[in-house]
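Participant: This is what each chain is made of:
There are 2 protein chains.
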Amino acid sequence: MKLTILGCHSALPKLGHNVSAQILEIQNEIFLIDCGEGTQLLLRRNKIKFSRIKNIFISHLHGDHYFGLVGLISTFSLLNRTNDLNIYGPLGIKDLILNQLKAGNSWTNFKLNFNELKDTNPLTIFKSEFIEVSTIPLNHRIYTNGFIFKEINLPKRINQHAAKLKKINIAYYNKLKQGYDVFNELNEKILNSEVTFDSRPTKSYAYCSDTQYDESIIEQLKNCSVLYHESTFLDKHIKLAKSTKHSTAKQAAMIAKKASVELLILGHYSSRYNSYQDFLNEAKLIFNNVILSEDNKIINI
Amino acid sequence: MKLTILGCHSALPKLGHNVSAQILEIQNEIFLIDCGEGTQLLLRRNKIKFSRIKNIFISHLHGDHYFGLVGLISTFSLLNRTNDLNIYGPLGIKDLILNQLKAGNSWTNFKLNFNELKDTNPLTIFKSEFIEVSTIPLNHRIYTNGFIFKEINLPKRINQHAAKLKKINIAYYNKLKQGYDVFNELNEKILNSEVTFDSRPTKSYAYCSDTQYDESIIEQLKNCSVLYHESTFLDKHIKLAKSTKHSTAKQAAMIAKKASVELLILGHYSSRYNSYQDFLNEAKLIFNNVILSEDNKIINI
Chain A
0 MKLTILGCHS ALPKLGHNVS AQILEIQNEI FLIDCGEGTQ LLLRRNKIKF SRIKNIFISH
60 LHGDHYFGLV GLISTFSLLN RTNDLNIYGP LGIKDLILNQ LKAGNSWTNF KLNFNELKDT
120 NPLTIFKSEF IEVSTIPLNH RIYTNGFIFK EINLPKRINQ HAAKLKKINI AYYNKLKQGY
180 DVFNELNEKI LNSEVTFDSR PTKSYAYCSD TQYDESIIEQ LKNCSVLYHE STFLDKHIKL
240 AKSTKHSTAK QAAMIAKKAS VELLILGHYS SRYNSYQDFL NEAKLIFNNV ILSEDNKIIN
300 I
Chain B
0 MKLTILGCHS ALPKLGHNVS AQILEIQNEI FLIDCGEGTQ LLLRRNKIKF SRIKNIFISH
60 LHGDHYFGLV GLISTFSLLN RTNDLNIYGP LGIKDLILNQ LKAGNSWTNF KLNFNELKDT
120 NPLTIFKSEF IEVSTIPLNH RIYTNGFIFK EINLPKRINQ HAAKLKKINI AYYNKLKQGY
180 DVFNELNEKI LNSEVTFDSR PTKSYAYCSD TQYDESIIEQ LKNCSVLYHE STFLDKHIKL
240 AKSTKHSTAK QAAMIAKKAS VELLILGHYS SRYNSYQDFL NEAKLIFNNV ILSEDNKIIN
300 I
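Chain order of the listed sequences is A and B.
Per numbering that gives the first Met the number 0, residue 0 is the first one in the first sequence, and the count goes up by one each step.
Per numbering that gives the first Met the number 0, residue 0 is the first one in the second sequence, and the count goes up by one each step.
Hints in this document: simulated from the structure, not taken from any laboratory.
Watch out, some of these pointers could steer you wrong.
Just so you know, same-sequence chains aren't split out, so a pair can sit in one copy or run between any two.
Claimed, not checked - Below, simulated DSSO-like cross-link-like pairs (lysine-lysine); rule was C-alpha separation at most 27 Å, straight line: (1) K93 x K166; (2) K101 x K244; (3) K155 x K166; (4) K101 x K296; (5) K53 x K235; (6) K155 x K283; (7) K174 x K126; (8) K117 x K101; (9) K101 x K241; (10) K110 x K13; (11) K110 x K166; (12) K46 x K13; (13) K46 x K256; (14) K101 x K13; (15) K13 x K296; (16) K155 x K1; (17) K117 x K166; (18) K48 x K13; (19) K101 x K238; (20) K53 x K256; (21) K296 x K283; (22) K238 x K149; (23) K244 x K110.
On a predicted model such as this, the values are computed, not experimentally measured, just so you know.
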């Protein structure tokens, strides 16, 4: 699992400060999460192949999370993309995007599927062979979802020693990985459990931006591998966090601790701060395994 | 008159290639002309004070000319702008922008005036004490205007020698500059023409992007000081220019020559070209006083 932070700052784009956008690579699929203004340039800078992006998840309709989407779609079109593009975002996003394309008389030559969200309960919105994505309803000024990406159907691991003893032809190993019983070279039926180990533990990534402190999300985050939780403010500005429905670094850490996640990533910093070391220090008092997101930072998990 | 080219490339934003946006400074006013994605960052890079931008002119509703507008307006709002902002652009631009602000529940705390254009004849759309702006209807795939910015009401120049001989008190010089007759220290009426020279020649700047070759604009461009005329292609790609309703460098030069402008600036280069020297060479065969626009280039006129 590889996470590329394209931008991790809130609201005000400024030189060297990119707004929200991330690329999650998992099980050979890549997902674009949020798409602030300028995201297409950041994808270029990070050498992400446009054609690999097939699914885009937009948390909410504040500009710093989606103003780059229409430009990215237009660019895909100019590059003669043919692959379908699936967009998951709040109800209304379809009209906002299509009306802009329509005004430019610039329809896409690929299929653009919008999956508009309005539920306020968690919902599984994407499922492929090895990945499942669900919404995490968040508590912000407008309708907002986080997203949790989970590995599913991980292959079982072959117990090489046992499989050889049982004289299973190597051609059947894939069947074993998928959990099937097989016949060996003596035409005896071998139970899957006799020659395999459990699959490795599944990994999961939860993206929670933007939200005020809200313990109702903890259940969904339980034991997740990596949690990105917004920390727009430091605790000394908790009043601002409350009035704008954002979180502090301390609150992000409290969520991480209560959910027993493995790693917490902070981000969505307010432009009032020039350095982020205090965010790290503040969070570490509560939850030790925490790192700061930075623009163009790759995090291998 | 000072022109800052923020971006001069067409359609496909890529690293180091910004899309259309320019700042024209003239008579202490500044005008933003087109506003492609990322313009707000380029304004920062070029140290243009946001609060000085009061009038924005959008040529047409292709993304590379206005996708940065909604982000810029949002940023103005976050920065607690109070000054009115006037936007001149094609019919439809108001809804496109306001619907995005509405979706984010993020109304501006300043007055946002839209002047939506639909005329296909030249129209004076802005007039202040010293500047007048008119549309230049262009011929592109969708409704498009160029804009011509002209100095007006330039002050007369005092004939210092004659004014002293006529014993005019220096306190009256401003009246003279404005063209009035005045009374001298002996209470004699002095005709303005006796003690002034004509004002210096007015300067004008014409912005023509995007358009196919169209001689109908020449009359409006006659003798203008500086013409920015798009040159998306080289002459060897004239078929592409025709099918996409763009111009070649040669065609831009032909317009400049026929309109007898003083200086031609080329731009809006297609991303198929890696170097632009050929654009200059091609244009110079027709019209000598030509320069290339470059991102973040300042042209003092």
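Participant: When no copy is specified for K117 and K101, does a C-alpha distance of 27 Å or less occur within a copy, between copies, both, or neither?
Facilitator: both (24 Å within a copy, 17 Å between copies)
Participant: At most 27 Å between C-alpha atoms: does K101 with K244 qualify within a copy, between copies, both, or neither?
Facilitator: between (34 Å within a copy, 18 Å between copies)
Participant: Given a CA cutoff of 27 Å, do K101 and K241 count as a within-copy pair, a between-copy pair, both, or neither?
Facilitator: Between copies only: 22 Å across chains, 39 Å inside a chain, cut-off 27 Å.
Participant: Between the shortest in-copy and the shortest cross-copy C-alpha distance, which are at most 27 Å for K93 and K166: within, between, both, or neither?
Facilitator: Intra 56 Å, inter 73 Å, cutoff 27 Å: neither.
Participant: When no copy is specified for K238 and K149, does a C-alpha distance of 27 Å or less occur within a copy, between copies, both, or neither?
Facilitator: neither (34 Å within a copy, 50 Å between copies)
Participant: Checking an output row: K53 and K256, CA cutoff 27 Å. Within, between, both or neither?
Facilitator: This pair counts as neither: shortest intra-copy Cα distance 33 Å, inter-copy 49 Å.
Participant: Between copies, within a copy, both or neither: which fits K117 and K166 at Cα up to 27 Å?
Facilitator: For K117 and K166, neither the intra-copy (54 Å) nor the inter-copy (80 Å) Cα distance is at most 27 Å.
Participant: First find the shortest C-alpha distance between K53 and K235 inside one copy, then the shortest across copies, and answer within, between, both or neither for a cut-off of 27 Å.
Facilitator: Answer is neither; intra-copy 41 Å and inter-copy 36 Å both fail.
Participant: At most 27 Å between CA atoms: does that hold for K155 and K1 within a copy, between copies, both, or neither?
Facilitator: within (22 Å within a copy, 68 Å between copies)
Participant: My question is about K155 and K166: at a cut-off of 27 Å on alpha-carbon distance, are they close within one copy, between copies, both, or neither?
Facilitator: This pair counts as within: shortest intra-copy Cα distance 18 Å, inter-copy 104 Å.
Participant: Using 27 Å as the alpha-carbon threshold, which applies to K101 and K238: within, between, both, or neither?
Facilitator: between (42 Å within a copy, 25 Å between copies)
Participant: At most 27 Å between C-alpha atoms: does K110 with K13 qualify within a copy, between copies, both, or neither?
Facilitator: So K110 and K13 pass the 27 Å test across copies only (24 Å; inside, 34 Å).
In terms of the numbered hints stated before, the structure departs from hints 1, 4, 5, 6, 11, 13, 17, 20, 22, listed from lowest to highest.
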